Amino acid sequence: DAGVIQSPRHEVTEMGQEVTLRCKPISGHNSLFWYRQTMMRGLELLIYFNNNVPIDDSGMPEDRFSAKMPNASFSTLKIQPSEPRDSAVYFCASLLRGPGSYNEQFFGPGTRLTVL
Amino acid sequence: LAKTTQPISMDSYEGQEVNITCSHNNIATNDYITWYQQFPSQGPRFIIQGYKTKVTNEVASLFIPADRKSSTLSLPRVSLSDTAVYYCLVGRISSGSARQLTFGSGTQLTVLP
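Going line by line, the protein sequences match chains A and B.
All the letters of the first sequence, read from the start, carry residue numbers 1 to 116 under the numbering used here.
All the letters of the second sequence, read from the start, carry residue numbers 1 to 113 under the numbering used here.
Bear in mind the hints are in silico, worked out from the structure with no lab data behind them.
As the structure is a prediction and not an experimental result, all values here were calculated from the model.
We treat Cβ as the ideally placed atom computed from N, Cα and C, and that holds for glycine.
Among the hints, erroneous ones may be present.
Below, a sample of chain A positions facing chain B; criterion: calculated Cβ distance under 8 Å [to be verified]:
{"hint": "1", "residue": "Gly42"}
{"hint": "2", "residue": "Leu46"}
{"hint": "3", "residue": "Arg97"}
{"hint": "4", "residue": "Glu104"}
{"hint": "5", "residue": "Gln105"}
{"hint": "6", "residue": "Phe107"}
{"hint": "7", "residue": "Gly108"}
{"hint": "8", "residue": "Pro109"}
Some residues of chain A that are not near chain B, with every Cβ distance over 10 Å (derived) [to be verified]:
{"hint": "9", "residue": "Gly16"}
{"hint": "10", "residue": "Lys24"}
{"hint": "11", "residue": "Phe74"}
{"hint": "12", "residue": "Arg85"}
Please take these sequences and the hints and turn them into a complete structure.
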């Protein structure tokens with residue numbers, strides 16, 4: 001398996017533009033997570049999907065952020081409009097939730113977002 | 001929510017055993033303790049997970065005392081390639097929540113030759 005795939009790997013955009021980040025989880029995994037990592041705030045959980053359904057989105061910073069998972073093999077994180085403070089590395093992770101592997105997440109390589 | 005506290009940084013030499021301790025005083029009954037490793041420009045990588053006592057796999061051991069208010073990640077005979085940030089994570093992912101998936105600030109381990 002190729003692991004969790006994220007695209008793009010790098011994104012540079014201007015303030016006010018819409019940004020869409022993409023994630024393909026590991027085949028067969030039933031849970032998907034979006035994280036944001038910055039020097040100031042560390043690694044923060046944004047949203048958690050279980051079986052394609054958003055379960056916990058309490059970490060989504062504000063209405064400018066939205067996430068979807070239309071099927072088991074694809075998810076998007078959208079920021080509209082983007083702001084400079086959204087600059088960060090965004091990680092997607094997937095997991096096969098079950099007995100004995102409650103927290104074993106597999107992370108993608110991340111998307112480095114720069115908003116000018 | 002279980003807040004975790006780890007040392008900000010640690011130095012070690014190649015071949016030594018390294019122990020990194022994480023405090024989590026208000027861990028909940030159903031919470032698991034998980035450790036991740038992160039290299040620069042990469043996503044975190046799962047190392048080990050446990051609930052109580054001791055867990056060992058091919059790369060590390062995890063020691064959890066009876067009160068579960070702390071845990072210690074043990075890396076035997078570290079090498080230069082073990083230089084990374086290590087995160088302690090306390091919580092549990094269920095069908096209804098991803099309780100306390102907060103990674104904290106992590107411990108920067110630097111292995112010296």
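Checked hints:
1. Gly42: holds (6 Å)
2. Leu46: violated (10 Å)
3. Arg97: Result: holds, 6 Å to nearest chain B Cβ.
4. Glu104: A:Glu104 check passes; min Cβ-Cβ to chain B is 5 Å, inside 8 Å.
5. Gln105: holds (7 Å)
6. Phe107: Constraint on A:Phe107 satisfied, holds at 3 Å.
7. Gly108: holds (6 Å)
8. Pro109: holds (6 Å)
9. Gly16: holds (28 Å)
10. Lys24: The claim stands: A:Lys24 keeps its Cβ more than 10 Å from every Cβ of chain B (closest is about 14 Å).
11. Phe74: Given that every Cβ of chain B is farther than 10 Å from that of A:Phe74, nearest at about 18 Å, it holds.
12. Arg85: At roughly 20 Å from the nearest Cβ of chain B, A:Arg85 sits farther out than 10 Å, so the non-interface label holds.
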